[in-house]
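Here the protein sequences line up with chains A and B, keeping their order.
The opening position of the first sequence corresponds to residue 1 in our numbering, with each subsequent residue numbered one higher.
The opening position of the second sequence corresponds to residue 1 in our numbering, with each subsequent residue numbered one higher.
Everything labelled a hint here was simulated from the structure, so no lab data went into it.
All figures in this text were calculated on a predicted structure; none of them were measured in a lab.
By construction, the Cβ of each residue, glycine as well, lies at the ideal position given by its N, Cα and C atoms.
Treat the hints with caution; some may be incorrect.
Claimed, not checked - Negatives, chain B to chain A, calculated, CB over 12 Å:
| no. | residue |
| --- | --- |
| 1 | 76 |
| 2 | 96 |
| 3 | 174 |
| 4 | 221 |
| 5 | 304 |
| 6 | 321 |
To be verified - Taking lysine-lysine pairs in the BS3-like style, the calculated list, with each CA pair at most 25 Å apart, reads:
| no. | chain 1 | residue 1 | chain 2 | residue 2 |
| --- | --- | --- | --- | --- |
| 7 | B | 250 | A | 115 |
| 8 | A | 9 | B | 250 |
| 9 | B | 390 | A | 425 |
| 10 | B | 160 | A | 202 |
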Amino acid sequence: MNRQDIDNKTRRRMTVVLFLFLTFTFTFILGRLFIVQILRHESYQTRAIEQQVRDTTITPRRGTIYDRNMKTLAVSASTETVYIAPKSMKDESERVLVATELSRILGVEYETVLKKSRNENYYEIIKRQVEKEQADLVRAFVKEHQLSSVALAEDSKRYYPYGAFASHVLGFTNVDGEGIEGIEAYYNDLLIGKPGRIITAKNAHGTDMPFQYEQYIDAQNGYSLVLTIDEAVQHFIEKGLENAVVEFNVQNRATAIVMDVNTGAILGMATKPDFDLNNPREITDPELLAELEALSGSEYSDRQMEIWQSMWRNKAIADSYEPGSVFKILTAAMALEKNVVTTHESFHCPGFKVVAGVRIGCWKHGGHGTQNMLEGLKNSCNPVFMELGSRVGGADFYDFAEAFGLLERTGIDLYGEATGIFFDKNTIAGGPVETAVAAFGQTFKVTPIQMITAVSACVNGGYLYQPYLVSKVVDDNGNVLESYDPVARRQVLSEQTAATVATMLEQVVSTGTGKNAYIKGYRIGGKTGTSEKIDEKNEEGVADKRISSFCAIAPADDPQIALLLLMDEPETDVVTGGLTAAPTVRKMLEDILPYLGIMPQYTEEELASLEHTVPDVTGLPIPDAREQLKGEDFVPTVIGDGETVLEQVPRSGQKLSRGGKVLLYTESGATGSLKEVPDVTGLSLSAARSKLEKAGFNLSTAGVDLGSQEAHAVAQSPIAGSLAEEGSVVEVEFVHEVSSEWVNVSY
Amino acid sequence: MNQPRRSGRERPQPTGHYNITQLQRQAQQPHPRATEMDLPFFVLVCLLVSMGLVMVFSASSASAYYRFGDSYYFIRSQLKWAVLGLVLMLATARLLNEKLLDLMVYPVVAVSLITLVLVLTPLGTELNGAQRWLFGFQPSEIAKLALILSMSKLICNNRKRIKTWEGGLLPCMLLLALFCGLVVLERHISATVLLLGIGVILMFIGGINVNWLCGLGAAGLGALGLVVLVSDYAKRRMYLWLNPEVEPLKGNFQITQSLLAIGSGGMFGLGIGKSRQKYMYIPEPQNDFIFAIICEELGFVGALIIILVFMLLIWRGFTIAYAAPDRFSSMVVVGIISQVALQTILNICVVTGLVPNTGIALPFFSAGGTSLVVLMFEMGIVLAISRRAKI
Numbered sequence: 001m002n003r004q005d006i007d008n009k010t011r012r013r014m015t016v017v018l019f020l021f022l023t024f025t026f027t028f029i030l031g032r033l034f035i036v037q038i039l040r041h042e043s044y045q046t047r048a049i050e051q052q053v054r055d056t057t058i059t060p061r062r063g064t065i066y067d068r069n070m071k072t073l074a075v076s077a078s079t080e081t082v083y084i085a086p087k088s089m090k091d092e093s094e095r096v097l098v099a100t101e102l103s104r105i106l107g108v109e110y111e112t113v114l115k116k117s118r119n120e121n122y123y124e125i126i127k128r129q130v131e132k133e134q135a136d137l138v139r140a141f142v143k144e145h146q147l148s149s150v151a152l153a154e155d156s157k158r159y160y161p162y163g164a165f166a167s168h169v170l171g172f173t174n175v176d177g178e179g180i181e182g183i184e185a186y187y188n189d190l191l192i193g194k195p196g197r198i199i200t201a202k203n204a205h206g207t208d209m210p211f212q213y214e215q216y217i218d219a220q221n222g223y224s225l226v227l228t229i230d231e232a233v234q235h236f237i238e239k240g241l242e243n244a245v246v247e248f249n250v251q252n253r254a255t256a257i258v259m260d261v262n263t264g265a266i267l268g269m270a271t272k273p274d275f276d277l278n279n280p281r282e283i284t285d286p287e288l289l290a291e292l293e294a295l296s297g298s299e300y301s302d303r304q305m306e307i308w309q310s311m312w313r314n315k316a317i318a319d320s321y322e323p324g325s326v327f328k329i330l331t332a333a334m335a336l337e338k339n340v341v342t343t344h345e346s347f348h349c350p351g352f353k354v355v356a357g358v359r360i361g362c363w364k365h366g367g368h369g370t371q372n373m374l375e376g377l378k379n380s381c382n383p384v385f386m387e388l389g390s391r392v393g394g395a396d397f398y399d400f401a402e403a404f405g406l407l408e409r410t411g412i413d414l415y416g417e418a419t420g421i422f423f424d425k426n427t428i429a430g431g432p433v434e435t436a437v438a439a440f441g442q443t444f445k446v447t448p449i450q451m452i453t454a455v456s457a458c459v460n461g462g463y464l465y466q467p468y469l470v471s472k473v474v475d476d477n478g479n480v481l482e483s484y485d486p487v488a489r490r491q492v493l494s495e496q497t498a499a500t501v502a503t504m505l506e507q508v509v510s511t512g513t514g515k516n517a518y519i520k521g522y523r524i525g526g527k528t529g530t531s532e533k534i535d536e537k538n539e540e541g542v543a544d545k546r547i548s549s550f551c552a553i554a555p556a557d558d559p560q561i562a563l564l565l566l567m568d569e570p571e572t573d574v575v576t577g578g579l580t581a582a583p584t585v586r587k588m589l590e591d592i593l594p595y596l597g598i599m600p601q602y603t604e605e606e607l608a609s610l611e612h613t614v615p616d617v618t619g620l621p622i623p624d625a626r627e628q629l630k631g632e633d634f635v636p637t638v639i640g641d642g643e644t645v646l647e648q649v650p651r652s653g654q655k656l657s658r659g660g661k662v663l664l665y666t667e668s669g670a671t672g673s674l675k676e677v678p679d680v681t682g683l684s685l686s687a688a689r690s691k692l693e694k695a696g697f698n699l700s701t702a703g704v705d706l707g708s709q710e711a712h713a714v715a716q717s718p719i720a721g722s723l724a725e726e727g728s729v730v731e732v733e734f735v736h737e738v739s740s741e742w743v744n745v746s747y
Numbered sequence: 001m002n003q004p005r006r007s008g009r010e011r012p013q014p015t016g017h018y019n020i021t022q023l024q025r026q027a028q029q030p031h032p033r034a035t036e037m038d039l040p041f042f043v044l045v046c047l048l049v050s051m052g053l054v055m056v057f058s059a060s061s062a063s064a065y066y067r068f069g070d071s072y073y074f075i076r077s078q079l080k081w082a083v084l085g086l087v088l089m090l091a092t093a094r095l096l097n098e099k100l101l102d103l104m105v106y107p108v109v110a111v112s113l114i115t116l117v118l119v120l121t122p123l124g125t126e127l128n129g130a131q132r133w134l135f136g137f138q139p140s141e142i143a144k145l146a147l148i149l150s151m152s153k154l155i156c157n158n159r160k161r162i163k164t165w166e167g168g169l170l171p172c173m174l175l176l177a178l179f180c181g182l183v184v185l186e187r188h189i190s191a192t193v194l195l196l197g198i199g200v201i202l203m204f205i206g207g208i209n210v211n212w213l214c215g216l217g218a219a220g221l222g223a224l225g226l227v228v229l230v231s232d233y234a235k236r237r238m239y240l241w242l243n244p245e246v247e248p249l250k251g252n253f254q255i256t257q258s259l260l261a262i263g264s265g266g267m268f269g270l271g272i273g274k275s276r277q278k279y280m281y282i283p284e285p286q287n288d289f290i291f292a293i294i295c296e297e298l299g300f301v302g303a304l305i306i307i308l309v310f311m312l313l314i315w316r317g318f319t320i321a322y323a324a325p326d327r328f329s330s331m332v333v334v335g336i337i338s339q340v341a342l343q344t345i346l347n348i349c350v351v352t353g354l355v356p357n358t359g360i361a362l363p364f365f366s367a368g369g370t371s372l373v374v375l376m377f378e379m380g381i382v383l384a385i386s387r388r389a390k391i
């Protein structure tokens, strides 16, 4: 080969090539890198981190809800979420395996899981709030098949240990753990806590890279709440409500509130029928279920939502009603406060009153005749209160209503509180008829919580409190972070007026239309109410639907609690508050008052009529047994020739009125024969007693007595016609015959 | 030394036309005495190889661990090849002279052609639609060297007739077509493009009429356009390139992930070994897309330094070419350096989305035995030539 020199032309062309290489590198490549790495750095970095980092939320534990004695009413327990990573699935057989097993373990649809497993992503939730048992089964399955496509994550579930208990107050949470009703919703921000995060790097397969870039931000658990609700009190009113709804065939739910009159704290608040907090979406009413089944599509879901909403609605705060005669407490207080009447001032009731040319009737068509103001309240006489209303005057009546908080929300710590419907000031100020009718609680509406708050102000010295349900916020360790003090919003009445009102209310119960709420040994005040739903008329244009209610205070000499019971549309022969609500309130208070440590203090008269407990005299020699029974004012009857008592009827521990017969059997094997229990319903106390004694039974009153001839038996146990041991106790429930007191006010 | 030192620069040469006496005189002159090889070039090569090894380890450790349970899987073999390459390079630098270089041409071409044909037979291995592997090495790597050697020789042989059609363009084109044709049959697009580039550069330096080359270039572009129009595969590649935002999880997955890596590197990078994109986001991060990992770990500054080292290598390579003892070896040096330059530029362009995605390795960095060994053998050739160059 010839060795050639490198000529200049070659060199020049080499220079061109070198120049092109260098300039190209500098301009295009470095320019491009500058754009990507410097100018677009942040956007690329964001996108890169998005895919490289897994941000796992650690759900904080939701706070617990306690009653005022630290009984747990709502608590969160940790559960797990099962999810799959569809893109990590190797093949169809893995999908089928996962779908089969997960649907079997978790009870989810096979098809749904299979469909999710075909998605192009790394995260599909299969089931949330999986309990530990099932989660363990899933874990075992994952381990057995060495799956990387199925995983579990921490999660939590809300438990309500008492089920339907206080359901409308507590409310519940949705699947994301956010409160959507009741206390759960109102205090959600406190209860929910702060979620923590685990930020981990992951590779493109979605697997964590455990040793790198892990950052752990602790979850902060939610705060716990201590309610003013007392579990026992709540239980007592729920029991009473439940029975009342059945007994009086209540069509549109019943509600009751117990309030501490001196603070506004709610001790109990219930609406029945209720729902199970652990399963709040379950519709139990068979009629509604049947109605729902007939629908489909959006009609179905709309109706379902409607049913849920009405089921979850807290009647005590969200529904307004015509307060009826219970409102007379307020009218009386207004008149006394304005000094336009004294309790002994005489009024005459001819059965109606003509106001500004309009004749408005009393519920007692014959009229109450001449009576003083106290008697007017006891009789729930409408004309007396029309007169009082007129004396107070429309403008002041309005101002009082405003002062009692009837025109605004009470501010209770629950969502969904309604206000009533009231006159505007000009209408009532210039309308004597409106004022007269409003004075006995018709033609306007208030909510139950407004009513009980106002009644509380009438007896607690005149202070209107803001009702509240949460008394304390505590942390995990029980440290009190915040306590809520009672908020007195204003003084509406003087202490003197309040004291007078309380005394008057006691009279209503001891001798007036509220008799059926009377409990021996207790000084209970109260007022009945039967109002008509004037905005709901039947086909004939007559408002025939009733709300019967009773508002009690106790003890009347030193009011501690108020209890308002309201039954919306009871459908029985008797619908008046005095016959339906009052006895129910009595039953509730019989439990509540001793529980709250308010002890009975009997008058001599009451002591005389008080039933005693039968002592245990079995095994005693006859003379000793006689002695002991006579000491308790019982009448012993010895049967047989034995020397010691082998058997006694009634047995020890049973309540029996004085003079009750106790049979003492002295020969072995000799016990009383079975006899048929006679029917005593409808009879007065004395008639019932003699009829039972004739038949060889003892009588025990499960309710009011005082030997009143007005009272008649409404129920007995054992029921008529059944067989019972001779000498045993038949419990008879009496109700006072208080006349119906509602009136058609379509004047 | 009796002979006065001469260099092309000292002695003005008549351009274009040569007379017999001149050529005879040149032929009679003995070769310049061999001196030491060019140290700067050697240092630059060593620098690139060692940086390459570090980056191969960093980039491959994660995927090696996940695929083989052994973080060292790739670096171990890469290290073996690098040592073999270094020995081969030093031996070549020491032993090779002009005569041997000249003698080498035909055997290399023969081996290259045989392997290029063999790889098309069932002996070759198909991977991702391209049949480019033969017993674990890529014949196209040898083809590049074979083309450089054979075309340099062809041009030098035909020096006087280089401007003519039948003595210049036609034989060069036939030679180029031979190699390119065989590689095209492998469906190895990037290697074809590289061969074309190297061929055109050598033809340009060899003195082929620029107008013809331009015409050739135009014809090439036209042919490329035609390929894009008829081939669905090429059409799709173009479509994906022109619309980088589409199919980020499918067609544009590699390039999207590559850009995320480069972009998240920023000015100074995440630090060596701290790439996150190497965790299976970028497929085979130790191969064609290793530059993305470099950018992510070392940032713009690191990438700039590596590019500067490449540019220094290219510049030094051309310096050697200028001062080469004769025109043939000079052209061989230019061919080899051009191959490195074109491959580097093309690789970075692919990785940064400047050109459509095609598999092309980054010299000294991408893991791969054949590529590294052949490359270091080529560096050995350059170093051998530098020993007689009068720099």
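Results of checking the hints against the structure:
1. The Cβ of residue 76 of chain B sits about 22 Å from the closest Cβ of chain A, beyond the 12 Å cut-off, so the non-interface label holds.
2. Even its closest Cβ contact with chain A, about 15 Å, leaves residue 96 of chain B beyond 12 Å, as expected for a residue assigned away from the interface.
3. Here residue 174 of chain B stays apart from chain A, with its beta-carbon at least about 21 Å from theirs, past the 12 Å limit.
4. At roughly 17 Å from the closest C-beta of chain A, the C-beta of residue 221 of chain B stays outside 12 Å, upholding its exclusion from the interface.
5. A cut-off of 12 Å between C-beta atoms contradicts the statement that residue 304 of chain B is not in contact with chain A; the least separation is 7 Å.
6. Annotated as non-interface, residue 321 of chain B brings its C-beta within 12 Å of a C-beta of chain A; the closest such distance is 6 Å.
7. Of the supplied pair hints, the one linking residue 250 of chain B and residue 115 of chain A holds, its CA atoms being roughly 22 Å apart against a limit of 25 Å.
8. With a CA separation close to 49 Å, the supplied pair residue 9 of chain A and residue 250 of chain B exceeds the 25 Å bound.
9. Taking the CA atoms of residue 390 of chain B and residue 425 of chain A, the gap is about 114 Å. The hint is violated against a cut of 25 Å.
10. Restraint check: the Cα-Cα separation between residue 160 of chain B and residue 202 of chain A comes to about 64 Å, which exceeds 25 Å; the hinted pair is violated.
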